[in-house]
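K.L.:
If you want the building blocks of each chain, they are given just below.
Protein chains: 2
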Amino acid sequence: MSYDPAAPPEGDSSAVLLLSGGLDSYTAGGIARERGLELYALSFDYGQRHDREVKSAARVASDLGVKEHLTLELDLRKWGGSALTDKIAVPTGRDEGEMAESIPSTYVPARNIIFLSLALGYAEARGARAILAGMNQLDYSGYPDCRAEFLQAFEEMANRGTKAGVEGEGFRIWAPLVHMTKAEIVREGMRLGLDYGLTWSCYLGGETPCGACDSCILRAKGFMEAGVPDSLTS
Amino acid sequence: MSYDPAAPPEGDSSAVLLLSGGLDSYTAGGIARERGLELYALSFDYGQRHDREVKSAARVASDLGVKEHLTLELDLRKWGGSALTDKIAVPTGRDEGEMAESIPSTYVPARNIIFLSLALGYAEARGARAILAGMNQLDYSGYPDCRAEFLQAFEEMANRGTKAGVEGEGFRIWAPLVHMTKAEIVREGMRLGLDYGLTWSCYLGGETPCGACDSCILRAKGFMEAGVPDSLTS
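Protein sequence lines correspond, in order, to chains V and H.
The opening residue of the first sequence carries number 855 in this note's numbering; numbering runs sequentially from there.
The opening residue of the second sequence carries number 855 in this note's numbering; numbering runs sequentially from there.
In case anyone wonders, no lab produced these hints; they're calculated from the structure.
It is possible that some hints are incorrect.
Copies of the same chain look alike in the list, so a pair counts if it fits in one copy or across any two.
Using 16 Å as the maximum straight-line C-alpha spacing, the simulated EDC-like pairs for lysine to aspartate or glutamate come out as follows [unchecked claim]:
hint : residue 1 : residue 2
1    : K921      : E888
2    : K941      : E1023
3    : K921      : E892
4    : K932      : D899
5    : K1075     : E1023
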């Protein structure tokens, strides 16, 4: 049995949160916190182009009041294949039409599958049954591993391949933002009282966001459409 | 569309091999080599109780003549939850009935899901479409992540969540040993001319195999039933 990944898990008291330190994972964590779930946060130092993201994850985890925050080192540069883990240029200055045309070079091979799998192991070890993640398929239509149908397939697989899945009540992959636009996510964060100045979205490693990579462009558009200033850049 | 995981992939010229350095992954590699596939081997240093396994993986990779062998460090001790990654005793002296009764404490939460996910990322980065692994469901009936129905679910998920899965011809999870007994695996290895003295199966970290853990017991039984000596222990 698989659910709409946006639907909250029933009867769970804890969840593992995939925490990148960006706007989406922070908002997902805020939604779970409002529901009273105890959170275990998992971040990755995977050889991405900067460690600013890792530092933002620590600040966001602290703000969310998580029970435990682990950062796993995972050197995906060993095989590369992405602008985020290899010597490939990050595209800049693209409009949404160009972003939607094809899977971008910032796609990291099987990244969300890898991250969800590790979150699953962590959840099983801690007795948590929900895996919480900030994927949204509208803004990241180019990434196959951000889509609801993928998340459902992952949940089915997880429940056939784990002890807790075959013996117990099974896992839920919970992606509360999956059907939301970036503007809707920002408005939800405002309602929850989140401080987006703690987060980091830029694909590059500078002191300030570049403003030109896909991630910066989508973020700026989200705040603009939501009609609120971005405290990170304003 | 999902296949019997034991069926060899059609039309593929390369595969990523999950290589533990044990008897099963070596045999799986031998089967692929006989079919002329170019192999990329992936091993893990995941905080298991010994590094003897990692050294055996290097010897087996060399014997198989793989094109590339990567060992990824992955500290699953961060969350533990298994006799192989935590301060939990490895069970010894159990007969097969006891092994089949329940999922053993040597089960590592979501381990094969994590390993297959990383192999998938490596395969996508190298343009390989087959993921080759030595799981067998008869001897490891207690491990949900060794079963054919799990491997099929993983393949389906992989083909919904990767660029190569949604845009290209998709991935195959190939587990040629999945329906074989340990004795059948040993006989297949003899036919292929494999040198099982290169391998390591024991869950413990001594200089010689303990002979008492589940893995040693299943290995000994396999060689006995196949009617050949184990060059590692004889």
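K.L.:
For each hint given before, does the structure comply? Return the numbers of the non-compliant ones in rising order.
P.N.:
2 and 5
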